[in-house]
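Asker: Chain residues, written in single-letter form:
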Amino acid sequence: MSILTRIFSSVLGVDESAVTPALSPENTPSWDSLNAIILLTEIEKALDTRFEYEEAMAIKSFGDVRALVASKGKNPDA
Amino acid sequence: MELLDYIRLAQEYEKGGEPKQGEPLRLAIVTNFTDDLLKKAIIGMCAAEGIRPDLYQVPFKQYLFELKNPDSGLAKHNADIVFVFFDINPYTVSEFSADTEHISGVLYDIERYSRSHTGAVVTHALVMPSTLQHGRLLKEDSFSGLIRTYNERLGAIAKEHKNVSVLDAGRIIRVMGERRARDLRGLYAFSHPWSNDFIFALAREWMTHIRTMRGVVYKCIVLDLDNTLWGGIVGETGPLGIELGAEYPGNAYREFQRVLLQYHERGVILAVNSRNNMADVDEVFDKNPHMVLKKSHFASLAVNWNTKAENLPRIAEELNIGLSSMIFIDDDPVNRDLVRAQLPEVLVPDWNMPPEEYAHALLNLDAFHAQTLTEEDLQRGAMYAAERERKALQTKAPTLEEYLKTLRIELTVSLNAAVLITRVAQLTQKTNQFNLSTRRSTEKEIETWIQEGGLVFTGDVRDTFGSYGVTVVAIIRPVDAETATLTTLLMSCRVMGRGVEHSFLRAVAAELQKRGFARLTIPFIQSKKNAPAADFLRELGAEAAEQKESGETLYSLPLAGYLSSAAGSHSSIRVHSVL
Numbered sequence: 001m002s003i004l005t006r007i008f009s010s011v012l013g014v015d016e017s018a019v020t021p022a023l024s025p026e027n028t029p030s031w032d033s034l035n036a037i038i039l040l041t042e043i044e045k046a047l048d049t050r051f052e053y054e055e056a057m058a059i060k061s062f063g064d065v066r067a068l069v070a071s072k073g074k075n076p077d078a
Numbered sequence: 001m002e003l004l005d006y007i008r009l010a011q012e013y014e015k016g017g018e019p020k021q022g023e024p025l026r027l028a029i030v031t032n033f034t035d036d037l038l039k040k041a042i043i044g045m046c047a048a049e050g051i052r053p054d055l056y057q058v059p060f061k062q063y064l065f066e067l068k069n070p071d072s073g074l075a076k077h078n079a080d081i082v083f084v085f086f087d088i089n090p091y092t093v094s095e096f097s098a099d100t101e102h103i104s105g106v107l108y109d110i111e112r113y114s115r116s117h118t119g120a121v122v123t124h125a126l127v128m129p130s131t132l133q134h135g136r137l138l139k140e141d142s143f144s145g146l147i148r149t150y151n152e153r154l155g156a157i158a159k160e161h162k163n164v165s166v167l168d169a170g171r172i173i174r175v176m177g178e179r180r181a182r183d184l185r186g187l188y189a190f191s192h193p194w195s196n197d198f199i200f201a202l203a204r205e206w207m208t209h210i211r212t213m214r215g216v217v218y219k220c221i222v223l224d225l226d227n228t229l230w231g232g233i234v235g236e237t238g239p240l241g242i243e244l245g246a247e248y249p250g251n252a253y254r255e256f257q258r259v260l261l262q263y264h265e266r267g268v269i270l271a272v273n274s275r276n277n278m279a280d281v282d283e284v285f286d287k288n289p290h291m292v293l294k295k296s297h298f299a300s301l302a303v304n305w306n307t308k309a310e311n312l313p314r315i316a317e318e319l320n321i322g323l324s325s326m327i328f329i330d331d332d333p334v335n336r337d338l339v340r341a342q343l344p345e346v347l348v349p350d351w352n353m354p355p356e357e358y359a360h361a362l363l364n365l366d367a368f369h370a371q372t373l374t375e376e377d378l379q380r381g382a383m384y385a386a387e388r389e390r391k392a393l394q395t396k397a398p399t400l401e402e403y404l405k406t407l408r409i410e411l412t413v414s415l416n417a418a419v420l421i422t423r424v425a426q427l428t429q430k431t432n433q434f435n436l437s438t439r440r441s442t443e444k445e446i447e448t449w450i451q452e453g454g455l456v457f458t459g460d461v462r463d464t465f466g467s468y469g470v471t472v473v474a475i476i477r478p479v480d481a482e483t484a485t486l487t488t489l490l491m492s493c494r495v496m497g498r499g500v501e502h503s504f505l506r507a508v509a510a511e512l513q514k515r516g517f518a519r520l521t522i523p524f525i526q527s528k529k530n531a532p533a534a535d536f537l538r539e540l541g542a543e544a545a546e547q548k549e550s551g552e553t554l555y556s557l558p559l560a561g562y563l564s565s566a567a568g569s570h571s572s573i574r575v576h577s578v579l
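Chains as they are written, first to last, in my numbering: chain A, 1 to 78; chain B, 1 to 579.
The following block holds chain B by itself, in its conformation from the complex (with noise of 0.2 Å):
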């Protein structure tokens, strides 16, 4: 789509009528020029991605008042998300550039409004202009000098408070150079410095982040492997004469398949779609020196003679990942055209050039893009590999007890960990299977929670094949001296189908009974995708208590009955608690 095509959704749902679909999401705009344009590309696109946002724009060079006055307009819409844009440029003056003062204000201001505020705050650096007054001796140039003492002091604010980040649109103009992305005449004429395109590439900059905020992530990468990973046809050249090594176009592949394998260190899944033989590709992977990604690298490999899109399902069964977090690579318009007619969920990057752009064109997917990444990031491709293993494993095991007996499940809870709090507010926002309320929270938020004496209690796994990390989370805030409400209760799907949700519950139920607490309730919130939490709360054997209009359902959960009962109790986990 277009930025036309977005102008005119976002026309549409600004003009109203029917009542307006989606999940809600208030976001709020904060920009030193005329923001209109970019206002109505953000709304065009999150009512593309059927989210439903309300906007605050900060009013034509009001951004200071704003940011500083705890009544204004943005303080009070209380925005999930802000972002804030200034721009600086040597060719008008602006209070950025004719006043050293200036900065300090507006970077105060902003710490400020990020201290009190509790959703996320999205800055971003200044970028420096490719003209200067002084030519290029940068050491003596006050105009340079301001914009790295703004960015060096914003970068040291987003280290300090958890909900400010700090994008760089350099990287933009970089990609379509300065003199396409700045608009003259808009500047002088309109106070519109930007042109279009910029414009564009700004508002999708802003929607990956708002997609990694809501637990929009692309977890997996399934690969296609002729003229894919490595050129020419196995089947026909074999594993040494396929394209793949030191020399042109074999360098190129090789160093796509260097990137791919960053990508696996970092977390994401990598998998194999391929039609093939499978002895061919074992004999790539075993005898063929240059290749860089190893099969133990990959966590399924569907070689065989379906069609991709028969696989695909397949593999995000096997790995127990949804689809919409799947990007499928074929260099082939026929597959690629197949899966996004049937799997319309998967992404599917246009994949129509030459080797060397590969690499190139894999880093600027804009699909990994992570605020932060945790231990559990960096391990997570090499655990899905694992499980492969783990896999085998299971079926040679007669029952499913017995086999968890095998796995020798041990299951750490402790509680208010400051550390894991990061962890935490991550698996929020990325959790969608079991999670019985879908809510995101944000590590500010969760803090506040502490203070005001809510528990949040974790649970780190391990078994024989190692550990997963922290992948249970429960947050209770108290309602009085004898209840209280378990506002979030999830687990990654990395550890499903093995009890551990079980256990992980009784030893929060038994924390909270010794801390005086006889009720629990449990607010559910149906969505699309948490059907494995809704069979939990039944196996619980949980009461429907109140069923509210909006769609939320209360459960009621008396502690000393439910501990004395057998509900999901699993001998075979052994729980540590650190509480």
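This is chain A alone, in the form it adopts within the complex (with noise of 0.2 Å):
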């Protein structure tokens, strides 16, 4: 399991399976504006970045996730 699947199934309480490129603030209740921070200072810490402000609140999914991950020279499989 890479290090992102493992911190939104933590962090929103869903099962890794259900951690895919569409899973979004939509169709996940516990997606919420509390729980966003939390996934928010949980990447950067595991992965060692940091997103700008405009970055993060331009997530609308788990793939615009892995997306920006990947935009930072960091691996959104590891």
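Treat each hint with caution, since some may be false.
Computed Cβ-Cβ distance ranges for the label pairs, DEER-style [what the hints assert, rightly or not]:
1) B:E152 to A:E54: 43 to 51 Å
2) B:Q451 to A:K45: 49 to 57 Å
3) B:P349 to A:D77: 33 to 41 Å
4) B:F465 to A:K45: 50 to 58 Å
5) A:R50 to B:A341: 36 to 44 Å
6) A:K45 to B:Q62: 24 to 32 Å
7) B:S104 to A:E55: 24 to 32 Å
8) B:R477 to A:Y53: 54 to 62 Å
9) B:I525 to A:N27: 41 to 49 Å
10) B:A189 to A:P21: 54 to 62 Å
11) A:K45 to B:E152: 30 to 38 Å
12) A:R50 to B:D332: 37 to 45 Å
In short, the hints are calculated from the structure, not lab data.
For each residue, glycine too, the CB sits at the ideal point set by N, CA and C.
Got two chains here, each in a separate frame; can you build the complex from them with the hints?
Answerer: As structure tokens, this is what we get:
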């Protein structure tokens, strides 16, 4: 299981198999604004990277997160 | 486990579904920032330890209103433990820094709330930030003055109200550094001024407090010898060849021993678990002048060729303490893994480090937090060491009854002694084996009961070897003119096996009869550990009158019949009553 999958599954309380690029705040009730902060800080800590505020706010799905991580030169499947 | 693991546990716990397991605990958190992560961390950590938390979170920025209002959600939640933690920092304006009246108001509200609240209130000193407007000239800086005033007055409140304590979160920040502890983007973007690392560390700090309150207390440090208490292998180098002394690395081992001695002096029991020849170890104690710890400091010495996991239960049995109150320190990873696998109750800290880290690691274990230290705590380590000598006498005495006679046990029973309330509350929190209800009580609750006509009996035990202090407690609350309930009857394991409990209850029953009571109702709640208390009820001849759905059994004891029976009477114990 990748680090990103583990973080999303743990923080949102969803099964690992549910963590797909389509996972989004719209289809996942536990992805609220408070958990969004925890997701952001845990990803930054685990992958040793930093997202700008606008970048973080533009995230609309797990697929977006993967793309953003890749754009920082980090491996989203790590 | 990492923060993420606890978040997952919290998520599962909050989702619910099947009925929740574990012992219930009502908690509340009062902060002035977004505290959802803190809440999740605490819930996850409780769930991991078999506690079923019911946590009330004061809505964001509502702390003043909730502390003030006697009908607030906080007041109604009636938490067993309330954690109050405020952040003040120079990087953003808050009520704390903008308005000098604000801290007076907050302190006033904390004090008033604590007065009417029976549970524990765990407050935090404000943490001094590393950067200030006017540089380092603290004398003139209003910000640092504010923090000092708040902390001093908080300390005064804690001194006056027994249910209030003050924690220093600055300790955590000093360990990790302010840059790692604070999150400035979090502060400005989400009103979450702390890093996840800090929140994790704070939650762990709170858990140690929760454990202490619930009677989960480590009592004993069991130590390996070679490369743990000293450097090198005594069997190879001899008693004077081991690394111990004024030079590095010998001085690192010596300082480790010094810290252990301080714990011993504060009541922690020390024991040895080592694969060695006893003769070699005795030579070290006898001949090596650098040994800070002497043989007399150890309550048990398991020096043999058994495995470490075989020795630990024997040490526990010898000291009459549970495995779950033991910490095992050994430099050898194989021994640590063996003990972890076979005896998961024992706390086995990682000890992969050079000797200079030993003293720091021991102090940083977070295992011996005590809210208050009583006389008995301070003497405990020495008492257990004396017990080793007492046991030697026991093997010479032919029968238990004769042995008890040689001990010349004396029991002094007092009633509602105000100076002993701290000790009584502590015993209710720590005693697991001989405890009929395992009901944990705070000092404040006990004071309230006495005011309401309750009777708190305490027994002080001594024998030819010295004093054990207050070790037996009975709390009685009257139901009507004829009936009283024994809400608590407990005895420290330190004096178990001497028949003291029978003499004590007889003295209590006689006093109750004198006061016109005819019957004592005894609630018994079975726990994993209180089998000795169940045995006692059988010896007493009390009859089960009612089985409640909660699992509680009510026994009824007619006082006249009990006092005229011979149940558990011990002629060899002299009872002094100062009622």
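Asker: Quick one: are E152 (chain B) and E54 (chain A) within 43 to 51 Å, going by C-beta?
Answerer: holds (44 Å)
Asker: Between A189 (chain B) and P21 (chain A), does the beta-carbon spacing fit 54 to 62 Å?
Answerer: Violated - the Cβ-Cβ distance for A189 (chain B) and P21 (chain A), about 26 Å, lies outside 54 to 62 Å.
Asker: Starting from the range 24 to 32 Å, see whether the pair K45 (chain A) and Q62 (chain B) falls in it by beta-carbon distance.
Answerer: About 30 Å separates the Cβ atoms of K45 (chain A) and Q62 (chain B), which means 24 to 32 Å holds.
Asker: Starting from the hint 33 to 41 Å, judge whether the C-beta atoms of P349 (chain B) and D77 (chain A) obey it.
Answerer: holds (35 Å)
Asker: Is the hinted range of 54 to 62 Å satisfied by the C-beta distance from R477 (chain B) to Y53 (chain A)?
Answerer: holds (59 Å)
Asker: The hint says 41 to 49 Å between I525 (chain B) and N27 (chain A); measuring C-beta to C-beta, is that right?
Answerer: At roughly 47 Å between Cβ atoms, N27 (chain A) and I525 (chain B) fall inside 41 to 49 Å, so the hint holds.
Asker: Okay, R50 (chain A) versus D332 (chain B) on CB: inside 37 to 45 Å?
Answerer: The hinted range 37 to 45 Å holds for R50 (chain A) and D332 (chain B), with Cβ atoms some 42 Å apart.
Asker: Should the hint that R50 (chain A) and A341 (chain B) are 36 to 44 Å apart at their CB atoms be regarded as holding?
Answerer: Because 41 Å falls inside the window, the suggested range holds.
Asker: Is the gap between the beta carbons of F465 (chain B) and K45 (chain A) within 50 to 58 Å?
Answerer: holds (55 Å)
Asker: Taking 24 to 32 Å as the hint, is the beta-carbon distance of S104 (chain B) and E55 (chain A) inside that range?
Answerer: Given range 24 to 32 Å: violated, Cβ gap about 43 Å.
Asker: Using the Cβ atoms, figure out if Q451 (chain B) sits within 49 to 57 Å of K45 (chain A).
Answerer: holds (51 Å)
Asker: Determine whether the Cβ-Cβ distance between K45 (chain A) and E152 (chain B) falls within the hinted range of 30 to 38 Å.
Answerer: holds (36 Å)
Consistency note: the structure conflicts with the earlier hints numbered 7, 10.
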